[in-house]
Amino acid sequence: MADTPTASRGEFLFTAEQQELRAAVRRFCAQHFDEATVRTLMESEPRFDRDVWRRLGTELGVLGMAVPESDGGAGGSLVDQAVAVEEFGAALACGPLFGTVYLAIPALVACPVGPVRDALLTALTAGERTAAFDSRPLAETGGRISGTAARVVDADAADVLLVAADGAGGSGVYAVDLNGPGVHRHPLVTMDLTRPQADVVLDAAPAELLAGPQEADRVVGHALQVGAALLAVEQVGAAQHLMDLSVDYATSRLQFGRQIGSFQAVKHKLADMLVDLEHARSAAYHAVWALADGSDDPELAAGIAQAVCSAAFSRIAADTIQVHGGIGFTWEHQAQLYFKRAATDAALLGSAEQHRSRVAELVLDHAVAHPGAVSVATGRPQ
Amino acid sequence: MSGAVTADADRVAEIARRVVAEHDPKQVPVTEFLGACYDAGLSWVNFPVGLGGLGLSRGLQAVADAVLQGAGGPVPLGLNPMGYGMAAPTIREHAQSEDTKKSLLRPLATTEDIWCQLFSEPGAGSDLAGLATSAVRDGGEWVVNGQKVWTSLAHKARWGLLLARTNPDAPKHKGLTYFVLDMHDPGVECRPLRQMTGQAEFNEVYITDARIPDTHRLGGVDDGWRVAMTTLMNERSALGASGSRRGQGAIADAVQLWAARPDLHTPVLRDRLAQLWLRAEAQRLTSERSRASATAGDPGPEGSIGKMVGAELNQKIYEFCMDLLGPEGILYHSYAMYGQNAGTGDWRGPVQQRYLRSRANTIEGGTSEVMRNILGERVLGLPGDLRADAGMPWKDVPRG
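If you read the sequences in order, they're chains A and B. Going by the numbering used here, 186 is the number at position 186 of the first sequence; the sequence numbering is gapless. If you count the second sequence from 1, you need to add 382 to reach the numbering used here.
If we strip away everything but chain A, and leave its shape as in the complex, we get (with noise of 0.2 Å):
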């Protein structure tokens, strides 16, 4: 089907050309993100290279895959975006890929057509601009918006804050400029350095209408599905990641005169990674799926894929410094990268606990029994 570059195969299915994008974004990360990078990187300010980002943009078109040609964006399906996102995961490149690439370009994307969104997201996709985005409602007065956005994602060095906020109005999703009046940033230490955070305190800061009360609910609500399916394949990538890292340390690594991965205690705790790891893709692609063709109930599926991907990622993580011993506990030794990503992404957008909460209000709460379920003997000869 090379006529139609993006055209889905089916449902877990990767055209030649997803298979080409996904290797032309691992040789990308490879040469940009290579673990002594991404070091470098995460201690310093900001917490990432702008040229290299904007490469991202233009070069790559990997930072709005799914935003129609007609916004400056590639055109492609959420799959596309998904395959890129997978190998950031891996990497753990380092830039405002929460902030901007999962939530604020989704959300533009579900807003009404006007000129602020238009230029927004043809910067954003470009890589000229970054964004973050809180959807916790802030104040809004004339225009203005007042209140604090606490512990905002990428917003240490974002040029634009996505907002909902709520006025005389109605509802409103908004565009406030960080680097304009009003606004005052309060970088934070994160525990995953590669994933910066700051208060954003606004004191009547100037912002834009991007959508209004008709839109304000949907357009949050889509990018908060969509971060939700795309961070769950960032936990994918970075778990098949670390999956492969300690394959080849219990093959390598010899104790006892063995290598540690003949010992079963050993080999059966990473057939057990094994399998939440592939429970965690078919999870995540499923709701990359959903989202793209219709075929299921979006918050479903997304609450699907954040509830086991949160929960594969953590529990290898943890695995994986296990199993690599003493020096997987080590500054030196990447394993923990990874483990702080792993507490990270889990706590963001809601905890494995809460879409699971959430999926049992959907499917538990509201089932039905049906005549003809299983029976229950009550001890009574028949």
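Since the hints were made in silico from the structure, they are not lab data. Warning: the hint list may mix true and false statements.
Stated by the list, open to error - Some chain B residues well away from chain A (every beta-carbon gap over 12 Å; in silico):
| hint | residue |
| --- | --- |
| 1 | V449 |
| 2 | G505 |
| 3 | K556 |
| 4 | D596 |
| 5 | D635 |
| 6 | R666 |
Said to hold, decoys possible - Partial list, derived from the structure: chain B residues whose beta carbon lies under 10 Å from chain A:
| hint | residue |
| --- | --- |
| 7 | V531 |
| 8 | W640 |
| 9 | W659 |
| 10 | G711 |
| 11 | S716 |
| 12 | M719 |
Virtual Cβ for every residue (Gly too), placed ideally from N, Cα, C.
Given chain A's structure and the hints, the job is docking chain B onto it.
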């Protein structure tokens, strides 16, 4: 999907529609319908033409099955599980002549001949290659003696897949030979084996001087282990490949019970059920992904995990059901002994019986410990464990 694969899929669907049109499964006897499927090459589309196949990729079986079963056709694997899942691929690959293949495969496909598997022994479970049943050559025949166990359908089977020791002086993997045993031989005796549920789904099979013609040997003498691998890999993929719609399978029992008994709800049980539901759903999606990649001719590691996950999930689901029911759960319907096809209604019985039955899930068809070894060694490429009997002649290996 490549153009060639798409064209093959269209062809398979077309053939299946023709079979259904000429032999309506809702009208004709099952044996006739399945015979027509065999003759059209739809029993195993990856088999050669003339042996129930079309010489196409295995993934396209799903295309045929969708049409055949969509029109009301039976699930052949359910009617002759060992026949379809294990015997057929082994016969196809290892029988000595085309005549033998043809004479065995068609009645297998129609389910006129039911098959069973004679592998496990009281002294050889996970360490299957250590089995002791002997086969000694006597002219053009083999004379077999020994005892097999956990043989489902032995009492109904026409043929049994037999693994027997033909060279006790060789290391255990190198002295086995694979045969087709006539279950009607006077030297074959089946006894039902009662299990903890009270039923007898399985049998013990006692073999005393049973005779097998050499033409019913599959593969070379002392090469039976390699042949058995064909069977076992197919058993595992057959057990792991069954998919379903969201919420179907064992998890449906738990959700139904939950919905029927709001008086027993607690937040802790709700969260436990949600965890089970998510695990079941993640595995269902993984089976779907496995099916998609198999259809595209690119099977990945995800296909190997279904058996293990499903087995452990079944146990946890029925443990949940029991904990939900509390004192009501510890009653039973009856310990009167009956087979799996006795009586009416669902043979799996009430939830308490399913709870007891689920203990076997992590043992039958490969224990979960063996499955984790397989995932570790075959999928992840980890090194094998040390073996105390490596290279030792079978007759010198300690047993007990």
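**Prompt:** Which numbered hints are broken by the structure, listed smallest first?
**Reply:** Numbers 5, 6, 7, 12 - these are the hints that the structure violates, sorted from lowest upward.
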